[in-house]
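Undergrad: Spelled out, the chains give:
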Amino acid sequence: MLTAILTGFLFSVFLVFAGRFFKGKLSILASLIPLGLFVYFFQFVNRIANGEVITRSYEWVPSFGVNLVFKLDGLSLLFTLMITGIGFLVFAYTSSYLKGHKYLDRFYGYLAAFMGAMLGLVLSDNMISLFTFWELTSISSFFLIGFKNTSRPSRKSAMMALGITGIGGLLLLAASLLFNNITGTYSISEMLSMSEAIKGNQYYWLGVVLIFGAAFTKSAQFPFHFWLPGAMKAPTPVSTYLHSATMVKAGIYLLMRFTPVLGGEDIWNTTLIIVGGITMLYSAVHTVFRTDLKGILAYSTISALGILVFLIGLGTEEAYVAAAVFIIVHALYKATLFLVTGIIDHQAHTRDVTKLAGLNKVMLPVGIAAILAAISSGGIPPSIGFVGKELIYDATSHSELVVILLITAIVLTKIFLLYAGFVAGIKPFTGKLPEGISEARMPNFVMWAPPLLLGTLGILFGLMPFLVEGPIVKPLVAALGENPEEIHLRLWHGFNMVLVLSAITIGVGTALYFILKPSYKLESAIGKLEFISPESILKKFMAGFKWASSYWTRFFQNGYLRNYVSMIILFTVLMVGYVMLGKTRFVIDYNSLTKLTISEIIVALVLIAGVCYTIFTRSRLAAVVAMGVIGWSICLIFVFYSAPDLAMTQFSIDTLTVILFVLVLYKLPKYLNLSDVKIRIRDGILSAIFGIIIAALALQVLAEPVNNEIGNYYADNAYLEAHGKNVVNVILVDFRGADTMIEISVLSIAAIGVFGLMKLRLKMSDRNRYQDK
Amino acid sequence: MMRTTIILKTASNYLLPVLLLFSIFILLRGHYLPGGGFVGGLIASIAFILHSFANGLHKTKELLVLHPGYLIPLGLAISFLSGLAPVVLYDLPFMTGLWSHDSVAILGHIGSALFFDMGVYLVVYGVTLTIIFTISESA
Numbered sequence: 001m002l003t004a005i006l007t008g009f010l011f012s013v014f015l016v017f018a019g020r021f022f023k024g025k026l027s028i029l030a031s032l033i034p035l036g037l038f039v040y041f042f043q044f045v046n047r048i049a050n051g052e053v054i055t056r057s058y059e060w061v062p063s064f065g066v067n068l069v070f071k072l073d074g075l076s077l078l079f080t081l082m083i084t085g086i087g088f089l090v091f092a093y094t095s096s097y098l099k100g101h102k103y104l105d106r107f108y109g110y111l112a113a114f115m116g117a118m119l120g121l122v123l124s125d126n127m128i129s130l131f132t133f134w135e136l137t138s139i140s141s142f143f144l145i146g147f148k149n150t151s152r153p154s155r156k157s158a159m160m161a162l163g164i165t166g167i168g169g170l171l172l173l174a175a176s177l178l179f180n181n182i183t184g185t186y187s188i189s190e191m192l193s194m195s196e197a198i199k200g201n202q203y204y205w206l207g208v209v210l211i212f213g214a215a216f217t218k219s220a221q222f223p224f225h226f227w228l229p230g231a232m233k234a235p236t237p238v239s240t241y242l243h244s245a246t247m248v249k250a251g252i253y254l255l256m257r258f259t260p261v262l263g264g265e266d267i268w269n270t271t272l273i274i275v276g277g278i279t280m281l282y283s284a285v286h287t288v289f290r291t292d293l294k295g296i297l298a299y300s301t302i303s304a305l306g307i308l309v310f311l312i313g314l315g316t317e318e319a320y321v322a323a324a325v326f327i328i329v330h331a332l333y334k335a336t337l338f339l340v341t342g343i344i345d346h347q348a349h350t351r352d353v354t355k356l357a358g359l360n361k362v363m364l365p366v367g368i369a370a371i372l373a374a375i376s377s378g379g380i381p382p383s384i385g386f387v388g389k390e391l392i393y394d395a396t397s398h399s400e401l402v403v404i405l406l407i408t409a410i411v412l413t414k415i416f417l418l419y420a421g422f423v424a425g426i427k428p429f430t431g432k433l434p435e436g437i438s439e440a441r442m443p444n445f446v447m448w449a450p451p452l453l454l455g456t457l458g459i460l461f462g463l464m465p466f467l468v469e470g471p472i473v474k475p476l477v478a479a480l481g482e483n484p485e486e487i488h489l490r491l492w493h494g495f496n497m498v499l500v501l502s503a504i505t506i507g508v509g510t511a512l513y514f515i516l517k518p519s520y521k522l523e524s525a526i527g528k529l530e531f532i533s534p535e536s537i538l539k540k541f542m543a544g545f546k547w548a549s550s551y552w553t554r555f556f557q558n559g560y561l562r563n564y565v566s567m568i569i570l571f572t573v574l575m576v577g578y579v580m581l582g583k584t585r586f587v588i589d590y591n592s593l594t595k596l597t598i599s600e601i602i603v604a605l606v607l608i609a610g611v612c613y614t615i616f617t618r619s620r621l622a623a624v625v626a627m628g629v630i631g632w633s634i635c636l637i638f639v640f641y642s643a644p645d646l647a648m649t650q651f652s653i654d655t656l657t658v659i660l661f662v663l664v665l666y667k668l669p670k671y672l673n674l675s676d677v678k679i680r681i682r683d684g685i686l687s688a689i690f691g692i693i694i695a696a697l698a699l700q701v702l703a704e705p706v707n708n709e710i711g712n713y714y715a716d717n718a719y720l721e722a723h724g725k726n727v728v729n730v731i732l733v734d735f736r737g738a739d740t741m742i743e744i745s746v747l748s749i750a751a752i753g754v755f756g757l758m759k760l761r762l763k764m765s766d767r768n769r770y771q772d773k
Numbered sequence: 001m002m003r004t005t006i007i008l009k010t011a012s013n014y015l016l017p018v019l020l021l022f023s024i025f026i027l028l029r030g031h032y033l034p035g036g037g038f039v040g041g042l043i044a045s046i047a048f049i050l051h052s053f054a055n056g057l058h059k060t061k062e063l064l065v066l067h068p069g070y071l072i073p074l075g076l077a078i079s080f081l082s083g084l085a086p087v088v089l090y091d092l093p094f095m096t097g098l099w100s101h102d103s104v105a106i107l108g109h110i111g112s113a114l115f116f117d118m119g120v121y122l123v124v125y126g127v128t129l130t131i132i133f134t135i136s137e138s139a
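Keeping their order, the protein sequence lines are chains A and B.
Each residue of the first sequence is one higher than the last, beginning at 1 in our numbering.
Each residue of the second sequence is one higher than the last, beginning at 1 in our numbering.
These are calculated hints, taken from the structure and not from any lab test.
From the three backbone atoms N, C-alpha and C, an ideal C-beta is built for every residue, glycine too.
Careful: at least some of the hints might be erroneous.
As the list claims (entries may be wrong) - From the structure, some residues in chain B lie toward chain A, with a derived Cβ separation under 10 Å:
hint	residue
1	V18
2	L21
3	H31
4	G36
5	E62
6	S112
7	L114
8	V127
9	I135
Stated by the list, open to error - These stretches of chain A come out as covered by chain B in the derived footprint (C-beta under 8 Å, 3 or more residues):
hint	region
10	111–124
11	636–648
12	724–730
13	738–748
To be verified - From the derived model, a few chain B residues whose C-beta atoms are all more than 10 Å from chain A:
hint	residue
14	L15
15	I24
16	I26
17	K61
18	V65
19	A85
20	V87
21	L89
22	L92
23	T128
24	I132
With the hints as constraints, model all of the structure from the sequences given.
TA: If you want it as structure tokens, here you go:
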């Protein structure tokens, strides 16, 4: 199973080296990978249906309880099949959609890495590995959204998606740590048995909030929904795959996975119902105001995700069945509609729904696929969408809460979704073919076959619901901790209230489709309300944040070395001074100080002379040389106090520093701008205080009783254990060798930095490329 | 470069090998007496900088053949491998000191620490020269 997950990553690494071969005619071969994985996971269907749970575990960081444990149960199975199945179609579709694209190999690499991350996410049974894969999906999605990296909106949307889902990922990590604190394990299966302990804990609410934060950001729930329409800047295969079928469902998956652990409490259910309810209605209404096909589909996807959250919130077995079926329904019809949109965009070069009509005449198979999907999305019999809608209505009407309100909300949502499905699936293919797009041609087989297959499946599953009932729905409901024995999916439920609601939905929705035509007027109407949408609030917040950080940066990081130095000194003075004034008594034990020798006095005088010369000279070069004198005098003091290693190093460093300064100063203009008296006095006072504080500190340290345990340990063991007599060097290369290792790495990085800054400059052509019009 | 006296020019030609030998001497004695890879590397780079001051940078570069920057990864690799050796060879923790049983003339016991220090020497030498050469070329 680990191999299955890693295949995606390995393939994307492989493409780095062999990308060339996958750009041409061979590119369709890339789809063999998801196909193979689909077959691999499909063989488990029978075993899972019999109630088996397949677990594989590999050690990763056992000392922290972080292991790669993969668990395939009913819940994971549905997601793996969606990821690999739709993945296969999308991979194949892409080979034609992006045919001849310069970076097709790169695209496949990102897509394959995403697939691997997504599989890891839904199979992980360990919260840390779940978090890791969760973040990997965000990162690969960032690359896919920003695939057209020369366009600024693309890059912005990618950043926004990464920002929102990335914050969610951090919340997930926080949740992992919190639950680990409560239960002592990262394993989700083990948490299952400790559900009561978690619910009883005083921080239960915090855990729920964190999990919600992660799920709502990933699954684009209100008020975090706005990154998803932005993410539609990605090429259509990405929208199909990530932003409707798989990645955005990761939040749903997370909620479902934690339902048995955290669910059943009021805070869990009520919040989900409210958030899901607001999201589904809000974005369903929004679809009316869009003219871009992808925009319509984006909002209807958010709405569908809202329905799923809502159903999980209802928390009954019926609701889980409805959610399971609706995931399948949505994946089938939404992927179809996205793929169709991609075809329209590719062949007719527009996605503006007001301009599209009559494409049936040129691309009949695509039209059939789209209309089948529209039927399923509208919940019209005999599609699986109808089965799903009946289940949703049924589950809602049995809710214990304010039934009327919830029923109204869900019916309204469904009406608007039907409208959206019709606009996206039927409008472009009916009526007269307008002038502007008459040159649109029939697309390639690998482009129209995937949507047609998915659309047909939507009807097939509706006619024969047992195809999904036993293998998929029952195990999934069992994984959520319910007993699935009673489930029977049927197309025909008899005459009852639910059927009446269905009739109302279909009737009103269809009427709405004929009355309300998408137009720019509606789109601009909603634009006026834009300023209070969460997206613009976030944008304003970001702008304010940018302003504050640039102000902050300009204040502290102003590029003048002298200001940095005084800032550091000021900070040290304040911190050390505060502690010393408050806590220490100033006792100087004069007896412990040694007598001054004549050589020390001479060195001290040289030192003072050097300092004075540095301050008062008017030449840069002279100041640097005087600084060298100061450094060397300090070296001499080291020598007097028997620290030869230190002295040697200091000698060489000081010499090199002077050389470096001279090299730089030599090229500077002669003109020297001296700072004025006020600044000099300020700096002088600061330096004097700093000197006094350091001197006082040194004397205080001497007055403290000596605790030399560590020093003695090094001294005693240097020869015995490390065979060295020079303790300083033994510490450097042996006892604390790892520190030295890191230090030389840092040195190397510094050298690379200097080299890079001075030697490598962007070529003019590159510079223009990264600048925007 | 700057004008230099003939005395410095002549002296630097003789000082270069002497300083280099001295830096190696400092490196090797580090384990028992004051010295070590860090100081050794600094002294070696000072030797070349002195040479470049006297004869001009391009002369020194001709002498060096290989850009000193290449020694940075080499040094890092030597240091890292000397730390890795006990893991691979004897299944001991990372950076455990390994020591030869017999002592070699002059050097005494040879251990993995010496190789670690050699890596430090090369890195310090490479870093210092890279920084100073880069700055003096483009400043």
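Undergrad: A separate judgement is required for each hint: does it hold in the structure or not?
TA: Here is what the structure says about each hint:
The interface hint given for V18 (chain B) is broken, as the beta carbon of that residue sits about 16 Å from the closest beta carbon of chain A, more than 10 Å. For the restraint placing L21 (chain B) at the interface with chain A, the shortest Cβ-Cβ distance is roughly 16 Å, beyond the 10 Å limit, so the hint is violated. The beta carbon of H31 (chain B) is positioned within 10 Å of a beta carbon in chain A (closest approach about 4 Å), and the interface hint is therefore held. The criterion of a C-beta within 10 Å of any C-beta in chain A is met by G36 (chain B), whose closest approach is roughly 4 Å, and the hint holds.
Taking 10 Å as the C-beta contact cut-off toward chain A, the hint placing E62 (chain B) at the interface is violated, the least distance being around 19 Å. At about 9 Å, the closest approach between the beta carbon of S112 (chain B) and any beta carbon in chain A falls short of 10 Å, and the interface hint on this residue holds. With a least beta-carbon distance of about 8 Å to chain A, the hint placing L114 (chain B) at the interface is held under the 10 Å criterion. Given hint, V127 (chain B) at the interface with chain A, holds; its Cβ is 4 Å from that chain's nearest Cβ, closer than 10 Å.
With its C-beta approaching chain A no nearer than about 5 Å, I135 (chain B) sits inside the 10 Å limit, and its interface hint holds. Beta-carbon proximity to chain B at under 8 Å applies to 0 residues in the region 111–124 of chain A; the threshold of 3 is not reached and the given coverage is violated. Evaluation of the coverage hint for the region 636–648 of chain A: fulfilled, as 3 residues show C-beta separations to chain B shorter than 8 Å, against a requirement of three. Residue count for the region 724–730 of chain A with a Cβ under 8 Å from a Cβ of chain B: 6. That meets the three needed, and the coverage hint holds.
Note: the region 738–748 of chain A has 7 residues with beta-carbon separation from chain B under 8 Å; the three-residue rule is met and the coverage holds. With a closest Cβ-Cβ approach of about 14 Å to chain A, L15 (chain B) is found to remain outside the 10 Å limit, as its non-interface label requires. For I24 (chain B), the non-interface assignment is confirmed: its Cβ lies about 15 Å from the closest Cβ of chain A, beyond the 10 Å cut-off. A beta-carbon of chain A is positioned within 10 Å of the beta-carbon of I26 (chain B); the least distance is around 8 Å.
No Cβ of chain A approaches the Cβ of K61 (chain B) within 10 Å, the least distance being about 14 Å, so the stated non-interface status holds. Non-interface status of V65 (chain B) relative to chain A is upheld: no Cβ of that chain comes within 10 Å, the nearest being about 18 Å off. For A85 (chain B), the requirement that its beta carbon stay farther than 10 Å from each beta carbon of chain A is met, with the minimum near 12 Å. Listed as outside the interface, V87 (chain B) is consistent with that label: its C-beta sits roughly 13 Å from the nearest C-beta of chain A, beyond the 10 Å cut-off.
Against the 10 Å criterion, L89 (chain B) stays outside the reach of chain A, whose nearest CB is about 17 Å from its own CB. For L92 (chain B), the condition that its CB be more than 10 Å from all CB atoms of chain A holds, with the nearest at approximately 13 Å. A cut-off of 10 Å between C-beta atoms contradicts the statement that T128 (chain B) is not in contact with chain A; the least separation is 6 Å. Against the 10 Å criterion, I132 (chain B) falls within the reach of chain A, whose nearest CB is about 6 Å from its own CB.
In the structure shown, a violation is registered for the earlier hints numbered 1, 2, 5, 10, 16, 23, 24, in ascending order.
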